[in-house]
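Novice: Chains A and B, in that order, give the protein sequences. Numbering that gives the first Met the number 0 puts the last residue of the first sequence at 247; the count rises by one with no breaks. Numbering that gives the first Met the number 0 puts the last residue of the second sequence at 356; the count rises by one with no breaks.
Hints are computed from structural coordinates only; laboratory data are not their basis. Check before you lean on any hint, since a few could be wrong.
[What the hints assert, rightly or not] Straight-line distance between alpha carbons at most 30 Å, and here's what the computed DSSO-like set of lysine-lysine pairs gives:
{"#": "1", "chain 1": "B", "residue 1": "Lys273", "chain 2": "A", "residue 2": "Lys87"}
{"#": "2", "chain 1": "B", "residue 1": "Lys45", "chain 2": "A", "residue 2": "Lys28"}
{"#": "3", "chain 1": "A", "residue 1": "Lys203", "chain 2": "B", "residue 2": "Lys45"}
{"#": "4", "chain 1": "A", "residue 1": "Lys10", "chain 2": "B", "residue 2": "Lys200"}
{"#": "5", "chain 1": "A", "residue 1": "Lys87", "chain 2": "B", "residue 2": "Lys219"}
{"#": "6", "chain 1": "A", "residue 1": "Lys87", "chain 2": "B", "residue 2": "Lys159"}
{"#": "7", "chain 1": "A", "residue 1": "Lys191", "chain 2": "B", "residue 2": "Lys200"}
{"#": "8", "chain 1": "A", "residue 1": "Lys221", "chain 2": "A", "residue 2": "Lys247"}
{"#": "9", "chain 1": "B", "residue 1": "Lys219", "chain 2": "A", "residue 2": "Lys10"}
{"#": "10", "chain 1": "B", "residue 1": "Lys273", "chain 2": "A", "residue 2": "Lys203"}
{"#": "11", "chain 1": "A", "residue 1": "Lys10", "chain 2": "B", "residue 2": "Lys206"}
{"#": "12", "chain 1": "A", "residue 1": "Lys195", "chain 2": "B", "residue 2": "Lys206"}
{"#": "13", "chain 1": "A", "residue 1": "Lys203", "chain 2": "B", "residue 2": "Lys206"}
{"#": "14", "chain 1": "B", "residue 1": "Lys261", "chain 2": "B", "residue 2": "Lys227"}
{"#": "15", "chain 1": "B", "residue 1": "Lys45", "chain 2": "A", "residue 2": "Lys11"}
{"#": "16", "chain 1": "A", "residue 1": "Lys28", "chain 2": "B", "residue 2": "Lys206"}
{"#": "17", "chain 1": "B", "residue 1": "Lys200", "chain 2": "A", "residue 2": "Lys196"}
{"#": "18", "chain 1": "A", "residue 1": "Lys11", "chain 2": "B", "residue 2": "Lys206"}
{"#": "19", "chain 1": "A", "residue 1": "Lys196", "chain 2": "B", "residue 2": "Lys298"}
{"#": "20", "chain 1": "A", "residue 1": "Lys11", "chain 2": "A", "residue 2": "Lys232"}
{"#": "21", "chain 1": "B", "residue 1": "Lys219", "chain 2": "A", "residue 2": "Lys11"}
{"#": "22", "chain 1": "B", "residue 1": "Lys159", "chain 2": "A", "residue 2": "Lys195"}
{"#": "23", "chain 1": "B", "residue 1": "Lys206", "chain 2": "A", "residue 2": "Lys7"}
{"#": "24", "chain 1": "A", "residue 1": "Lys7", "chain 2": "B", "residue 2": "Lys200"}
{"#": "25", "chain 1": "B", "residue 1": "Lys273", "chain 2": "A", "residue 2": "Lys247"}
As the structure is a computational prediction, the values presented were derived from the model and not from experiment.
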Amino acid sequence: MQVFNVPKSIKKDCTFTFCAGCDHGVAIKLVAQVIDELNIQDRTLAIASSGCSVLLYNVLDVDCIESPHGRGCAVATGAKRAFSANGKDNIVFTYQGDGDFASIGLAESMHSALRGEKITAICINNTNYGMTGGQMGPTSVLNQVTTTSPMGRNEQYHGFPIKTAEQIALCDGTCFSARVALYDYKNIINAKSAIKKAFEYQIKGLGFSFVEILSSCPTNWKLSPQDSHTRIKEELSKIYPVKVFKEK
Amino acid sequence: MTNKVLLKGNIAIAKAALESGCSCYFGYPITPQSEIGEFLSSEMPKRGLGYVCAESEIAAINMALGGTATGTKVLVSSSSCAVALMQEALSYAASDELPIVLVNVMRAGPGQGYIYPSQGDYNQAVTGGGNGDYHTIVLSPASVQECADFTQKAFYLAQKYRNPVILLVDGLLGQMAEGVEINTNPYQEIDNSSWRLDGNKDRTSRKIHSLEPNETALNKHIVEMHKKYRYIEENEVQCEEYMLDDADIILTAFGSLSRHAKAVCNYYREQGVKMGVFRPITLYPFPKKRLSELSLQAKQIIDIEMNMGQMLKDVQLSVLSNAQISFVGKPVGSWLKKEEIINIIDNIIKGGVNAGI
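Isolated chain B, as found in the complex (with noise of 0.2 Å):
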């Protein structure tokens, strides 16, 4: 007996912070986000929480700023063009090695887009959107029920780490209801009480700062945030491999997307072809290693994304053999169907190289 439940992905991000301990939600209304604002908005004040409806995203992001500053847990949410807004705070929170955890529903951009869906965040969310040389922990969930357990990994890691977390959500998968089961936070609590800002009771004053006018002291923080990000980079890379044991050709793809590949990986099990899915779960850090060990025995390695090929520069990255790369993309609206990938791939396998859209 589970008590599974059929929610959509925004309202199962929106239970499992709370279940994760969160104490402040601050946003503003953007589709196709609206919908955790919204279940948040009744449940707070419930529970003697604080939850503000900002007067813009630049106000929400600062909100949590000063209020993961005090050591409590705070959940943002936004989509694409309104996260743009949000980078400043984001470099700001990343420097001041504070835990905020944003989440960002993408639509369809450059500029205001549209409210299609689309993976087109990819980069702002992987290579820091915001000003300086930081990077924030990145997730993609590729199901409903994953963005309730990695809702859950966010608060765990942006507080284990002191680091801003995002967790990349799928427009689709924000919108689409599920069977999820919305679990006990199974992560142990972290101390924050060396470093968080809630007087000075028994200690010296605090101050949590970027500005640093001494370049000695202030090359030192970086080169000490870069060594951060190494042993997250050891530490925390998460990626899915589906029949990838014997696989010639190697489909890489985020998010909801690759439940498309694995279908398309499916069809071609059943033609006789050696094709596995290599799913990247952490963005950032991204699974370089292990895509590079599984590129030795692969011929082909076919990317699939919905944009104009944004992690594809990871996977070019990460590939060490003389595998062929290729490209399978689209940047907004319907997901490409597995019909369309198979077009595509049938046409790739032929010898046709980026066959693209």
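Extracted from the complex, chain A is given alone in its bound form (with noise of 0.2 Å):
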């Protein structure tokens, strides 16, 4: 009989805020899973950021740090250059929205991609800005519907969304970038793999490694958390594809 565990990287008596049938919690729970089989708990220091995805810091039992909305991989950039200057070998990783990262924060993140900053970011993409109530992100697809584009997104008026993960791959100091998805079984297995991948790149000092996670967002979305994944699955996935973008 198989007994299945919380992750001992996730606190005890926690709660879970998000609303039901958010992806979060099975992100967040790979990424503690991955934590506990890499054995870094105790050296890890995540960067939570502004939106949905700073609940972070209330689940996962590691050191962690608020970043101002977008400025994560900023913050990341400073801790692990702080880590090295003193000699010690911390993990560190920044857990962002898809408003976070690629709108507010392209800059940042970018940049960190472009110097090869040894960190790992992973950023959530709900194609929606989740916690203000779901207006239209950098990601929101063409012909969406959200608060701020009532019509549905229209290229001529809002212009197009940002392929987030193949942005990323396309730096030079980038050596991991993929897009994954958790709508079924199969895809939270790769998934999994690809986030430790990510974390193992940062243990082997070779640069900026990426995980963007299509997740879906039932609330703003106004589906059901069945048809969401279906969304996902049957649109999403076919303008965002799944797969490993650059694998140096």
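The task is to assemble the complex, starting from two chains supplied on their own in separate frames and drawing on the hints.
Specialist: In structure tokens, the structure reads:
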């Protein structure tokens, strides 16, 4: 009989306050399992961002600092450089939403990748600004209806969404860039393996490692959790291919 | 035999930061402070320390958030309009209680302004340029020697109070060379093992955050921050007093302009006028109490600044007597000369108030 345990790197008796059906819980569980498997819990620093992803620090049992909106990779850069200046090999990763990583923080994100900062960034892409109530984000797809694109995203009027994992893969300092999804068991296993690789690349000191996670936002998409996963499988993963874009 | 060398203020700051045990520098080029980053870009790598020429001032100050959170001493330097870009993260650092040391070598504003000298960032530094109810400690040097000494003090105060400290430097001082001795850091190391984020090996995990959804907890946090500010106001005020024992007329000035004020004071003393100079060194906390006491014996207070009267408000708040308060100022450019100041003060003494520039 297999017994399923809460990962060691999840805080005891913590409460997950994400909406029902939200994929943040699964994503954080995978990060926690990877931290456990790599045995790095006692030397990992998480950078939480603004938006739903900040709630990471209530559940993940590692040291954590909250970053101003979008600046996660800059905060991570400073922490990693400081550890390095003191001869420490601590692991530093960011956990950010797509608005945080790819809109307000695009400069910090991309320049950290270009510099090849030895950090890991995890970006939850749910194609909208979740915490503020579902406004159009940098990743909202064409025709997507949001509270600020009520007639649907129009390329002439609103412009195009960003393909983050592809863009980050183009940076010379990036050693690993992948997009994963969580809509079924197979994808969850693949997602975990990508997250693990990203951390392993950091441990080896090969450069900037990045995982974009296509995630559901049933509350703001106004879909059931099941229909949200169907949307990711049938619509989003055709626009945002689930694959490894770069692996050094 | 001293170890005095001829250095620009900017280089003195960089050398003093290294002497203070600063392990990381994050910055972005802007005149008139670029020499700080230029000097450290060669020194830091040599010593195995951290240096990042950041993509923006926003990134630089956020790198400082991350760096200081690990318990490491971090220096950030910039100038006026670019310090404006850093205010969001400074507000976070105040709430997170992170000991960032930020050097602002001032240029002229508002907006882009120009690289002319000015003291136009007094308000930005002293009243907190970011959002919310917080303070940064602000130190104001008047010489290249003080640029070095106050850099060391800034690191000490930042660590001691877990609070951002701003070294507010006149552009003139950053660019001016004087004889200076970079002293061995005179301050004791502050133990930061109770809060730094360096891995939860032998302890529970920690989090550093300003977000607080619980109203009671947020109120409590801000009240606690202000208890700390009150303590700083009680214990860390610093000012310089020049010929004030019997002064009827008190000149107030901060930074390098206080040296002009002293020259003016010397001139009037030769004329038999009982004049003295009061120079706040900590701009926050402002030496309110001492100026209040001194104002009781004075007939006139004349505030001299290279701006349109920013410290003047603190002077007015401090003076509890009926002493007449006047202002001599100019927003940007060549520092007010001794003769220019004397012309205006002659007028004020004759009965004109706020004779202006």
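Novice: Compare the structure with each hint and give your call.
Specialist: Against the structure, the hints:
Proposed proximity of Lys273 of chain B and Lys87 of chain A is contradicted: the alpha carbons are some 60 Å apart, above 30 Å. About 41 Å separates the Cα atoms of Lys45 of chain B and Lys28 of chain A, which puts this hinted pair outside 30 Å; it is violated. Between the alpha carbons of Lys203 of chain A and Lys45 of chain B the distance comes to roughly 23 Å, so the proposed pair stays at or under 30 Å and holds. For the given pair, Lys10 of chain A sits about 15 Å from Lys200 of chain B by alpha-carbon distance, which is consistent with the 30 Å threshold.
Only pairs whose Cα atoms come within 30 Å are accepted, and Lys87 of chain A paired with Lys219 of chain B is rejected, the gap being roughly 35 Å. Straight-line distance between C-alpha atoms of Lys87 of chain A and Lys159 of chain B comes to about 24 Å, which keeps the hinted pair within the 30 Å bound. Annotation: proposed proximity of Lys191 of chain A to Lys200 of chain B holds, straight-line Cα distance about 25 Å (limit 30 Å). For the given pair, Lys221 of chain A sits about 39 Å from Lys247 of chain A by alpha-carbon distance, which is inconsistent with the 30 Å threshold.
At roughly 25 Å between alpha-carbon atoms, Lys219 of chain B and Lys10 of chain A fall within 30 Å of each other, so this suggested pair holds. Taking the CA atoms of Lys273 of chain B and Lys203 of chain A, the gap is near 71 Å; set against the 30 Å cutoff, the hint is violated. Annotation: proposed proximity of Lys10 of chain A to Lys206 of chain B holds, straight-line Cα distance about 12 Å (limit 30 Å). Proximity of Lys195 of chain A to Lys206 of chain B is assessed by CA-CA distance (about 23 Å); at most 30 Å being required, the pair is judged to hold.
Our distance criterion of 30 Å between C-alpha atoms is met by Lys203 of chain A and Lys206 of chain B, whose separation comes to about 26 Å. Proximity of Lys261 of chain B to Lys227 of chain B is assessed by CA-CA distance (about 34 Å); at most 30 Å being required, the pair is judged violated. Of the pairs offered as hints, the one joining Lys45 of chain B and Lys11 of chain A is violated, with about 44 Å between alpha carbons and a cut-off of 30 Å exceeded. At most 30 Å may separate the alpha-carbon atoms for a hinted pair to count; Lys28 of chain A and Lys206 of chain B meet this at roughly 19 Å.
The straight-line distance between the Cα atoms of Lys200 of chain B and Lys196 of chain A is roughly 23 Å, inside the 30 Å bound, and the hint therefore holds. The suggested pairing of Lys11 of chain A with Lys206 of chain B holds, with an alpha-carbon distance near 15 Å, which does not exceed 30 Å. The straight-line distance between the Cα atoms of Lys196 of chain A and Lys298 of chain B is roughly 74 Å, outside the 30 Å bound, and the hint therefore fails. Pair hint Lys11 of chain A plus Lys232 of chain A does not hold up; C-alpha atoms about 33 Å apart against a cutoff of 30 Å.
A hinted pair counts as satisfied when its Cα atoms are at most 30 Å apart, and Lys219 of chain B with Lys11 of chain A qualifies at roughly 26 Å. Under the criterion of a C-alpha separation no larger than 30 Å, the hint pairing Lys159 of chain B with Lys195 of chain A is inconsistent with the structure, at around 39 Å. Distance restraint check for Lys206 of chain B and Lys7 of chain A: the Cα-Cα separation of roughly 17 Å lies within the 30 Å cut-off, and the hinted pair is therefore satisfied. Annotation: proposed proximity of Lys7 of chain A to Lys200 of chain B holds, straight-line Cα distance about 14 Å (limit 30 Å).
With a CA separation close to 76 Å, the supplied pair Lys273 of chain B and Lys247 of chain A exceeds the 30 Å bound.
Hints 1, 2, 5, 8, 10, 14, 15, 19, 20, 22 and 25 from the list above are not met by this structure, while the remaining hints are.
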